[in-house]
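Go ahead and model the full structure; you've got the sequences and the hints to work with.
In case you want the letters, here they are:
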Amino acid sequence: MNSLILQTTTRMLMPLMLLFSVVVLMRGHSDPGGGFVGGLIVAAAFALYGMANGPEALKKLLPINLQSFIGCGLLLAFCAGLPSLVMGGGFMESQWGSVMIPGLGDEPLHVGTPVFFDIGVYFVVIGVVTLFFQSLAER
Amino acid sequence: MTALLSLCVCVVLAVSVYLLLSRELKSVAMGAFILSHAIHLGILTMSGSPMLGDGSALASPVLSEAIESEALADTGEVRRSELYVDPLPQALILTSIVISFAITAVVLTLLVVTHRDAGTLRVERLKVSDRPEPPGLA
Amino acid sequence: MMGETQIMDSIVLMVLLPMAAGIIGLVTRRTPALQRWSVGSLLGLCAVCGAWLTGSLSPNTPGFCGEFVSFLGNWPPPFAIVIVLDALSGTLMTVTALVGVACLIGGVGERGDSYGLSWLAPMLAFLIMGVNFSFLTGDLFNLFVAFEIMLMASYALALRNATPEGVKQAHKYVVINLFGSGIFVLAAGLVYGVTGTLNMADLALYTDRVAAAGDDVPVAFGAAGVMLLFVFTLKAAIFPMWFWLPDTYHRMPAAVGGVFAALLSKVGMYAILRVIPATFGGVDSLPLAEILEVLAGCTMVLGALCALGVPTVRRVMSFILISHMGNALFMISVGVRNPELGAGAYGAVGFLLVQEMFVIAGLYTVGAACVRHAGTDDLRMISSLHKGMPRLAWLAFVLTIAGAGLPPTAAFVAKAWIVQEGVRAGSWWLLTLMMVSAFFMLIALVRVWAAAFWKLRTATPESVSVHGGPSGWATASVAFLVLGVVLTSVGANTLHAVMVSAGQRVAGSGRDLRGEYVPPVLKPRESPDEQGGGH
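Protein chains in written order, with our numbering: chain A, 27 to 165; chain E, 1276 to 1413; chain B, 1029 to 1563.
It is worth saying that the hints were derived from the structure and are not from the lab.
Check each hint, because a few of them may be wrong.
Unchecked claim - Cut-off 25 Å, straight-line C-alpha distance, at most; resulting in silico cross-link-like pairs (SDA-like, lysine to any residue):
hint : chain 1 : residue 1 : chain 2 : residue 2
1    : A       : Lys85     : A       : Val125
2    : A       : Lys85     : E       : Leu1383
3    : A       : Lys85     : E       : Phe1376
4    : A       : Lys85     : B       : Phe1271
5    : A       : Lys85     : B       : Arg1058
6    : B       : Lys1200   : E       : Arg1397
7    : B       : Lys1200   : E       : Leu1319
8    : E       : Lys1301   : B       : Pro1192
9    : A       : Lys86     : B       : Asn1366
10   : A       : Lys86     : A       : Pro41
11   : E       : Lys1301   : B       : Leu1330
12   : A       : Lys86     : A       : Ser56
13   : A       : Lys85     : E       : Val1381
14   : B       : Lys1415   : B       : Ala1507
15   : B       : Lys1200   : E       : Asp1392
16   : E       : Lys1301   : A       : Leu162
17   : B       : Lys1200   : E       : Val1292
18   : E       : Lys1301   : A       : Ser161
19   : E       : Lys1301   : B       : Phe1271
20   : E       : Lys1301   : B       : Asp1275
21   : B       : Lys1200   : E       : Thr1277
22   : A       : Lys85     : E       : Val1388
23   : A       : Lys86     : A       : Asp132
24   : E       : Lys1301   : A       : Glu164
25   : B       : Lys1200   : E       : Pro1362
26   : B       : Lys1200   : E       : Leu1386
27   : B       : Lys1200   : E       : Leu1396
28   : B       : Lys1200   : E       : Leu1294
29   : E       : Lys1301   : B       : Gly1194
30   : A       : Lys85     : B       : Trp1147
Said to hold, decoys possible - Derived coverage of chain E by chain B (criterion: at least 3 residues anywhere in the stretch with Cβ under 8 Å from a Cβ of chain B; other residues may be distant):
hint : region
31   : 1295–1303
32   : 1306–1312
33   : 1389–1399
Since this is a predicted model, take the numbers as computed values, not measurements.
Even glycine gets a Cβ: it sits at the ideal position worked out from N, Cα and C.
Here it is in structure tokens:
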């Protein structure tokens, strides 16, 4: 497809979508959102780019092996379940800690294993859906 | 409301079964996708959600006493089932949606590959003969 | 010495190890040797772990009722996904991992493009993860999730390196399973709507609870039972729903046909065994025993008759598998009709499933080796294969004996146990049908072996060209499976004892042994940090 409107809109929309996906990912623990939805938004952004500029351009944009990317996401999600196993709990039991990050205000930031699990899911969904789009579009 | 939803499920299910029985693989795939929608709607209908207003709602299993007393403070009375929808059926549906999403991808890819190989999606033209396989397949 | 709780939490390893194997297999796809070794060793570790866990189910521990229960994420019982390991599921998972290793060995010698081959190990690991999770889960909805993991991996395995013919057949497999999954999730929703729980042990108590309250069981509950029975019989290839199996399995890529035949139908039968009698046996409006008896009788006899009639090795094996499934269903129907005989009958089902997994995987792999060696496994065209592959011929002979249920093998013990329970229950009709089907199966299997391996080459020698010897890896894979057959036969006594206790567990699930579902000993630990989520 070679449409000036789509290409221009994509150029403006894509950064917004990528940013929004991170917001959705991060608020996911206690509000609607999470890794799955965030990953879908990223994949939608890539699909939009692929539609506007062609599958080859998408391939140039993502010079990584998406299959290994999926594997890495799975690995991250899997590893997020392990700390509790080591600490004598059940697999996937949430472990929470709080970190003070300078420049983010006085409230400590709660960080826990579910966040990493969600990030893993995020990567897997990005990889799977983008790969799906890529291989069907390239045919 | 429940009766209306049940009717909807019936209609969607009938459509999907009709499509599943057709002799074109594209329609079969469509039938399969619609089937999953019918089923998700069905679960929502059967789960006894208080939003459906038949008064026979199940109490939400994750409603802890803390939330209950919070509700008491907010509204002045405990109205468990009317305030909270049981989230479990929705979790079931969400899981099932994600799974059917993946299967949709598989089925669509299968359709594309079949069309590329055979040039058609009509079942009768795709008939597999029972002659011995040519050597070297396995 | 590990404490009870630690053992209980480590049962999740039966799912985690295959999952880790699958992930590592994905990441190491570029280096086949590393991939195979790491996946293979993790699956082997899974088998060892399964054997250890099953072995540590000592019935003498006080307050212990023959199972390990673990709550995933240590959430309290009503919300947690509960996983349960008892003698039956533990043994089945061990054998599953071993069959997976055998498939991996056979896959090394497979031909095809390297892209397709590199998917075998990870997808096999994910398949085993799904199978193990279905054996392990104590929750109806998670049984569905486990089925889906298993099916998704099986689609990938079936389509990997698929020929155009294979792709066409895959449509049937995918659509049938999609329909089955849809009905399954609908039934799970219905069960939840009626009972408010999806925990299998809790569900088993539902009819008692309703009876104690003096109510009638809702019709919808019986309907859900029928739907679940439909789904599980579809997976286990029981009589009216078997039509898809012979068509799809015999065109699978060589290495995976055996693993499909060995694992997927067993999961369906295990689900019937776990869910149907305990949960729906007490529903008066549902003539469960009659339904199961008719299905079992038809499956046994018609499966064996079809095995006599079909021309290719792997189709024969499909029908042999179906007939075996009929035998297992026969025992379940005995248990449903006479709950007091349930323990023995369900133990017999477990014994049959465990020993048959090795046998049927081996027989399928032999069929695939015939295709590779002679270009076809059509019995009208192949003969005297023992000249080309003498070792495989003898291994196939052992498997034939085991498949037919002849004396030195564990299959004979299984048959004898079934007959014993059948006589005890006095179901003479089904017993007769079972004997007849066993006779037919014997003829069918011996015919296959004689025609393919023994018969001297007579007519149409030109039609078959010999494509070199069998792959050493295929022979090694079959040898591994035969070793499993031999071990189950030698250790039949031990396996029998394990299965007797397994049968008691299945027959008493949720009822006399456990009373209430969560025994006091098994309550999850208090979490020091109060869930930490709502910040």
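Consistency of the hints with the structure:
1. At roughly 38 Å between alpha-carbon atoms, Lys85/A and Val125/A are farther apart than 25 Å, so this suggested pair is violated.
2. A distance of roughly 22 Å separates the Cα atoms of Lys85/A and Leu1383/E; the hinted pair therefore holds under the 25 Å criterion.
3. Between Lys85/A and Phe1376/E, the direct Cα distance comes to roughly 24 Å. Compliance with the 25 Å bound is thereby established for this hinted pair.
4. Taken as a hint, the Lys85/A and Phe1271/B pair is broken in the structure, with Cα atoms around 43 Å apart against an allowance of 25 Å.
5. In summary, the hint linking Lys85/A to Arg1058/B is supported, as the alpha carbons are separated by about 20 Å, within the 25 Å threshold.
6. With a C-alpha separation of about 13 Å, the suggested pairing of Lys1200/B with Arg1397/E holds against the 25 Å cut-off.
7. In summary, the hint linking Lys1200/B to Leu1319/E is not supported, as the alpha carbons are separated by about 29 Å, beyond the 25 Å threshold.
8. Restraint check for Lys1301/E and Pro1192/B: the C-alpha separation of about 17 Å stays at or below 25 Å, so the hint holds.
9. Between the alpha carbons of Lys86/A and Asn1366/B the distance comes to roughly 67 Å, so the proposed pair goes past 25 Å and is violated.
10. For the hint linking Lys86/A to Pro41/A, the alpha-carbon distance of about 17 Å falls within 25 Å, and the restraint holds.
11. Of the pairs offered as hints, the one joining Lys1301/E and Leu1330/B is violated, with about 34 Å between alpha carbons and a cut-off of 25 Å exceeded.
12. Annotation: proposed proximity of Lys86/A to Ser56/A is violated, straight-line Cα distance about 36 Å (limit 25 Å).
13. Our distance criterion of 25 Å between C-alpha atoms is met by Lys85/A and Val1381/E, whose separation comes to about 22 Å.
14. Between Lys1415/B and Ala1507/B the alpha-carbon distance is near 18 Å, which keeps this suggested pair within the 25 Å criterion.
15. Distance check on the hinted pair: Lys1200/B and Asp1392/E sit about 17 Å apart at the alpha-carbon level, within 25 Å; holds.
16. Proposed proximity of Lys1301/E and Leu162/A is supported: the alpha carbons are some 16 Å apart, at most 25 Å.
17. With a C-alpha separation of about 15 Å, the suggested pair Lys1200/B and Val1292/E falls inside the 25 Å cut-off, and the hint holds.
18. Our distance criterion of 25 Å between C-alpha atoms is met by Lys1301/E and Ser161/A, whose separation comes to about 19 Å.
19. Taken as a hint, the Lys1301/E and Phe1271/B pair is honoured in the structure, with Cα atoms around 22 Å apart against an allowance of 25 Å.
20. With a CA separation close to 21 Å, the supplied pair Lys1301/E and Asp1275/B stays within the 25 Å bound.
21. Of the pairs offered as hints, the one joining Lys1200/B and Thr1277/E is violated, with about 35 Å between alpha carbons and a cut-off of 25 Å exceeded.
22. The straight-line distance between the Cα atoms of Lys85/A and Val1388/E is roughly 21 Å, inside the 25 Å bound, and the hint therefore holds.
23. For a cut-off of 25 Å, the pair hint linking Lys86/A to Asp132/A is broken: about 42 Å separates their Cα positions.
24. About 21 Å separates the Cα atoms of Lys1301/E and Glu164/A, which keeps this hinted pair within 25 Å; it holds.
25. Of the supplied pair hints, the one linking Lys1200/B and Pro1362/E is violated, its CA atoms being roughly 35 Å apart against a limit of 25 Å.
26. Our distance criterion of 25 Å between C-alpha atoms is met by Lys1200/B and Leu1386/E, whose separation comes to about 12 Å.
27. With a C-alpha separation of about 13 Å, the suggested pair Lys1200/B and Leu1396/E falls inside the 25 Å cut-off, and the hint holds.
28. Between Lys1200/B and Leu1294/E the CA atoms are separated by roughly 15 Å; this keeps the pair inside 25 Å, and the hint holds.
29. The straight-line distance between the Cα atoms of Lys1301/E and Gly1194/B is roughly 18 Å, inside the 25 Å bound, and the hint therefore holds.
30. Simply put, Lys85/A and Trp1147/B have alpha-carbon atoms about 22 Å apart, close enough for the 25 Å limit, and the pair holds.
31. With 3 residues having a Cβ less than 8 Å from any Cβ of chain B, the region 1295–1303 of chain E passes the three-residue criterion, so the hint holds.
32. Given as covered by chain B, the region 1306–1312 of chain E passes the check, having 3 residues with a CB less than 8 Å from a CB of that chain where 3 are the minimum.
33. Counting residues of the region 1389–1399 of chain E whose C-beta lies closer than 8 Å to any C-beta of chain B gives 3; at least three are required, and the coverage claim holds.
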